[in-house]
Each structure stands twice: as C-alpha cells, then as structure tokens.
Amino acid sequence: MRIVFKTDYMQDIRPWKDGQQLTLYLLLLAAAIAAPWLLDVFFLGELTNVLIWAIAGLGLMVLTGHTGQASLGHAAFLAAGCYANIILMESGMPFMLAFPLAGILTGFAGAIIAIPALRLHGIYLAIFTLALSILVDDIIVLSDAWTGGVGGKFAPPVNVFGFEIERWGTPGAFYWLVLGVAVIVTLGYVNLLRAPLGRAFIAVRDSEVSAQAMGVNVARTKTISFGLSCAVTGWAGALMGLYAGAFNNETFSVVISIQLLMMIVIGGLGSIHGAYFGAIVIGFLPQFLSIAKEYVGAVFGGSSVAIPGLEFGIFGMILIAFILLEPMGIYGRWLKVRTWFELFPFYRKDMFKRQKSYLKTERLR
Amino acid sequence: MDNLQLLVSGLANGCVYGLIALGFVLIYKATEAVNFAQGDFMMLGAFVTIGLTNTEYMGLPFWISLPISLSIMAAMGYALDRFVIRLMFGQSQTAVVILTIALGFVIRFVAGLIWGHNPQTLQNPLAGREVAFGGLVLGLEDVAVIVVTVLLTWGLYEFFNRTRLGLAMQGASQNQLAAYYMGIPVKRVQGLIWALAGAVACVAGILFAAKGSVDPNAGLMGIKAFAAAVIGGFGSLPGALAGGLIVGVIEPFASRYIAAGYSQIAPYALLLLVLIFRPNGLFSQTRVKKV
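Line by line, the protein sequences are chains A and B.
With positions in the first sequence counted from 1, the corresponding number in my numbering is that position plus 8.
With positions in the second sequence counted from 1, the corresponding number in my numbering is that position plus 54.
Only chain A is shown next, with the shape it has when bound in the complex:
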C-alpha cells in the first residue's frame, strides 16, 4: 500500500501523479523509441499499425469517451484526412505542411458537420454518422477526378526534415514518424483533460443540463469536440493511407467505423489508455487468430481452411463478453486489479459499482 502525500496544489493539476508514474511512462516511451532495434520488420509493421489505430482511437475517444457523443462514422474522417493529405502532397506541398493541414481541414469539416448533428442525441447521432460514413464511401467513388475512385491512389514516399520515409523502404523511420504523432496527440490529450475545455467535455457527457447550469456552452463544446476529434482522426487517416501504400473507397468502409467504435469500447471508454489497449486488441487479433488456427489444425489434424468472417465473429463475441462482464473495458479491469494491489487487504467488491439509471422516454414528455 502506497500513499502519495500532497504537499502542493500543483500536484492535483500535474499530468502525472508522482515521480514513480512519470518514470514508468518515460521507460515505456524509451522502449517504444528503441523498438526498431528490438523487433523484426514484420512485428515493427504490426506495431506501427497498432499505433495508427490508437491515434484514430484517441480521436474517437475525445468525442465518444469524453463528450459522450457516439459516432459510427469516423471512417469518413479517416478517409477525409487520408485523401486531403495525398491530394495536398500531389499538388506539390511538402509533407510537413500537408500533414498538419490535412488534419486541420478534416477538423473543420467535422465541426461543420457537427452543427446539424448537434440537434441529435444518442441513437440518432449514431445513425446520422453511420449514414455519413456510407455516403462518403460513395462520394469517393463519384469524385474520382480527385480521389481516383474505385481504382484508388498510391501514397508517395514522404519527406520529413530531408529524410525520405517510406513504409516498406524505411520501416523504422516510418515507425518513428507514427510514434511521434502518437506521442504529440497523447500529450495534447492529457493536457486537454486538465484544461477547462476538457472538463467541459466531461461535464457535457455526464449531464448536459447540469453542464449548462454550470455555464458550459453545450453547443460550442460539442462542436469543438467534434472538430478536435475529427482532426486527430484525420491525422490517423493520413498515416493509415501512407501505411497501406495504396487505398481506395473500400479502405475506409463503414465496417472500419464500427470497428473503431468497438475498439475503444473494448479498450475502455473515457480513458486515454483505453484507445491504446483497444488498438492492441484490434491490431493483434488477426495474427493471434491465424496462429491459433494453425495450432488447432495441427492438434486436431484439420486442414487450415480459411473460415470467412471468423475474425469478425470472434471480435463480436469478445465485445459482447466485455460489455456484459466489464463495461469499462480493459482499462477498467486494469484499474480494479491495480487498486486491489494498492489497497491490498482493504479492497472491497463494490468499490467500482455503478449506479443504474432507469429509463425514461425522450419521445413523450
């Protein structure tokens, strides 16, 4: 059992709790930076993929986890960021300018879309964004003069401070690029959460009425949340395009939107860690399944036939198990385990019990 004594008001506001926590995260960062020397090319690629998904997850987490607006359409913004980045680069803009601009453009697009979406709550917002995601798929096909339509586009190698970075040619450098973006976004996120804006997000999530009573401008807060969320998602999309090398409208289909939402639910809604945990599950599940299938095939003598839809089936089952048994996701489970150790003999079963809310309709009132 370890107690952190608070001797200074700054301790409440600092992004890290105490020196030990800070050391742990710095060690993690050091390990992440050293990864290209430790891992082979295949796993480095997978790790890059996980980081990109984590950035996208962070983007959605701002909106869904911290502002409480469920979006089933974030693939649309992944696509927007990806195409914006490539189109800007093809028009001659250097990557270091095109990449941030792509995110900012996507953010603005998101904020504009948020204006009609503000009137929608819960399920209606989910359906609105779902329809948006389907529409963007078709819009990409229709505007093939810009986007290459069904044929898609190819990502050119990018130039960062004079270094040529390409997914296959220099996987290490590409990994560092993605890691850099992930670190910047995460730090920004941590700081956002201790700023008035982040607190306003959480207030809106927990109760719009009380947030309003506390002087939070709900409409403005939601719009900003949409914008920030879409900007970060746009950056993830741009990286995803570079990572995939070639992409078309199918790369950013509705399924990706749904997968993204499920990812942060598995990871744990309302926590930065959750985006990373969820991304690890999403990123490594296909590999894990193929290894498991080989193993099962070897033990039972079955042929290694591909079972279509297996990945989604298993994914769905994992998700159902999480929602029923651990609604706070992997991060929630981790919190419980950690608290158990921290409070060793004094942990009680109901410490994380949540209040149930009974339902009242919003239709007739």
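In case anyone wonders, no lab produced these hints; they're calculated from the structure.
Glycine included, every Cβ here is placed at the ideal spot set by N, Cα and C.
Some hints could be false.
Said to hold, decoys possible - Stretch-level coverage of chain B by chain A, calculated; a stretch enters the list once three of its residues show a Cβ under 8 Å from a Cβ in chain A: (1) 150–164; (2) 307–320; (3) 327–333.
What the hints assert, rightly or not - Think about it this way: if two alpha-carbon atoms lie no more than 30 Å apart in a straight line, the pair counts; the simulated DSBU-like pairs of lysine-lysine are: (4) A/K361 to A/K344; (5) B/K241 to A/K14; (6) A/K344 to A/K25; (7) A/K301 to A/K25; (8) A/K357 to A/K25; (9) B/K241 to A/K357.
Claimed, not checked - So the derived label-pair ranges between C-beta atoms look like this: (10) A/S298 to B/P173: 25 to 35 Å; (11) A/F162 to B/A314: 18 to 28 Å; (12) B/L336 to A/F162: 41 to 51 Å; (13) A/A40 to B/M112: 55 to 65 Å; (14) B/G266 to A/A329: 34 to 44 Å; (15) B/V202 to A/M359: 46 to 56 Å; (16) B/V202 to A/A329: 31 to 41 Å; (17) B/I330 to A/S215: 18 to 28 Å; (18) B/M112 to A/K301: 28 to 38 Å; (19) A/G159 to B/E212: 46 to 56 Å; (20) B/H171 to A/F50: 21 to 31 Å; (21) A/L105 to B/A314: 36 to 46 Å; (22) B/G266 to A/L37: 49 to 59 Å.
Since the structure of chain A is provided, determine the placement of chain B on it from the hints.
For chain B alone, kept in the frame of chain A given last:
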C-alpha cells in the same frame, strides 16, 4: 406504365424495409433501445426457413415450416433478451447499441458457418406465378409481400393501442420505474417484445428470401431499414412502414432517372436531410423536450 411497374416493385421492396423497420420500432417503442442486429435477425429468419423448407436441407412443406421458423425466431428473440439484453438492464442506450452491433457480427458469422456464403432462394409455393392486372404484370410474391406487410403493420398498430399488453409495453418504455410501480412486469414485457421482434424479422426474412435471394451479408440491408425507421420517426409503427415505402420507391426511380452512382446514395441522402431538418422523423411523436 413503365413507371407503374417501377412503383410496384419499389413498393414490394419498401415493404421488406418497412418490416425490418417495424422490428426496430417495436423494440424502440417498448425498451427505448435500438436493435442494430435487426437486419441480421431478418437474415437469420430467412435462413432458418430455407433450412426447414428447401429440398437440399430438410424439405418440409412450406406451410409447416412457416410456423416452426416463426416460433424458432420468436424463441431466439426471447432468449436473447433473457440471457444477454437483460443483463444490461439499467445501462446506457449506447451500450445496448454497441452490444447489438456485436451481436450482428456474431449472427452473420454463425449463419455463414451453417449455411455457407452463397446466395440462396426460398422455395415457396408462390414462386414464379404472376398476376396480370390490367396490363400490369406483377409477381405473386410482390403482391403477397405488400398484403402481408400491410396486414402485419395494421395488426401491430392495433395491438399497441388497444390491448392491455400493448399498453403495458408503451408504459414500460415511457418510464420504467413508474411502470414498475403500476405493477407492469417490465422485464417480462421486454422479453415478449423481443420475441415479437424476432417473429416480425422472420416474416421479413421469408418475404425477402422468397422475392430474391439471401446471403449472410443481407443483414447489412438493415442500414436502409434504419433510413426507413428514421424517416418514419422512430416511435411510430405506421411511420416505419411509410418510411420503408418511401425508401423502397425512391430506389428504383433514382436508379432510372439519376445517373448511375448517384442513385444508390439517394436513401442515405434523404436520411441525412430528414435528420437535419426533422430530427424526429416525418411522423413524429415528440413534443418539445423540457428539461
């Protein structure tokens, strides 16, 4: 005449959308949750009936397999509520949404495992017959779809507004706690509504598989049915049918009169417009929300 033919085929398609939308609305009306797996329920209902009826599977006569598959799907709906959804009692709507999306994934996977991924058609007594109707040639299936859908919607509407159970269901959705105090067995009522939604999905699946062919991904059509339910205003049964008909009729006309590529986005564009300008649907029940 050509337009009339388009209209009728659009209406028949729209009825299937409308039936799936009915499933959404039923569950929404009684539990205030949205079942994103309703399209997959429809697909499952179609496959259960195909498995019972078609000669390469069990080969039962259609009129015998019909009640069996209806009761299987109703039992599935009830079991789903009893063993999965009920555990979520008291949690947020978004959690239920995500849960049902995941359920959809699982149902699609299981159906693919059992019945394979090739499109299949239900062998039914109406197949291939046509009725001529003053120069208009209609497939008997299309007529059956329209008739069954209208009857079912009317029946459910009366059920909700006139029977004790229907009123109990409405009450349970409007205020769970108050419904408890009034002696409504809220949990059992919710189980029944899921069973009902399962049966309705089965009807939709049978009509869909009789008209065309069904494969495990047919459930994704549920998204169009969403458009239908939203256009109709999520709480109204006739609204759901009307929304389904609107979506169904727009599709063939759009593909005929608008350039290819633009036509398929018509239902979704309509959905977005409705959500922006009439967020509660064209047939809305909502009064202004006070607090």
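Check: Falls inside 28 to 38 Å, the C-beta gap from B/M112 to A/K301?
Finding: holds, 31 Å
Next item on the list: Could you check the hint for me, namely that B/G266 and A/A329 are 34 to 44 Å apart, CB to CB?
Entry: holds, 35 Å
Check: Is the distance from the Cβ of B/V202 to the Cβ of A/M359 consistent with 46 to 56 Å?
Finding: holds, 54 Å
Check: How does the Cβ-Cβ distance of B/L336 and A/F162 compare with 41 to 51 Å: does it lie in that range?
Finding: Holds: the Cβ-Cβ distance is about 45 Å, inside 41 to 51 Å.
Check: Do A/S298 and B/P173 keep their Cβ atoms within the hinted range of 25 to 35 Å?
Finding: holds, 28 Å
Note to self: Range first: 18 to 28 Å. Now tell me if the beta carbons of B/I330 and A/S215 are that far apart.
What the structure shows: holds, 25 Å
Next item on the list: Would you check the hint for B/K241 and A/K14, treating anything up to 30 Å between C-alpha atoms as holding?
Entry: violated, 48 Å
Checklist line | Pair hint outcome, B/K241 versus A/K357 [Cα-Cα no greater than 30 Å] | finding: With Cα atoms ~26 Å apart, B/K241 and A/K357 stay inside 30 Å; holds.
Checklist line | Outcome for the supplied range 36 to 46 Å, where the beta carbon pair is A/L105 and B/A314 | finding: holds, 38 Å
Notebook entry, point to check: A/G159 and B/E212, beta-carbon distance inside 46 to 56 Å?
Noted result: holds, 54 Å
Next item on the list: Return holds or violated for the Cβ distance of A/F162 and B/A314 against the range 18 to 28 Å.
Entry: holds, 26 Å
Check: Range hint 55 to 65 Å: satisfied by the CB atoms of A/A40 and B/M112?
Finding: holds, 57 Å
Hint compliance for this structure: hints 5, 7 are broken, all remaining hints hold.
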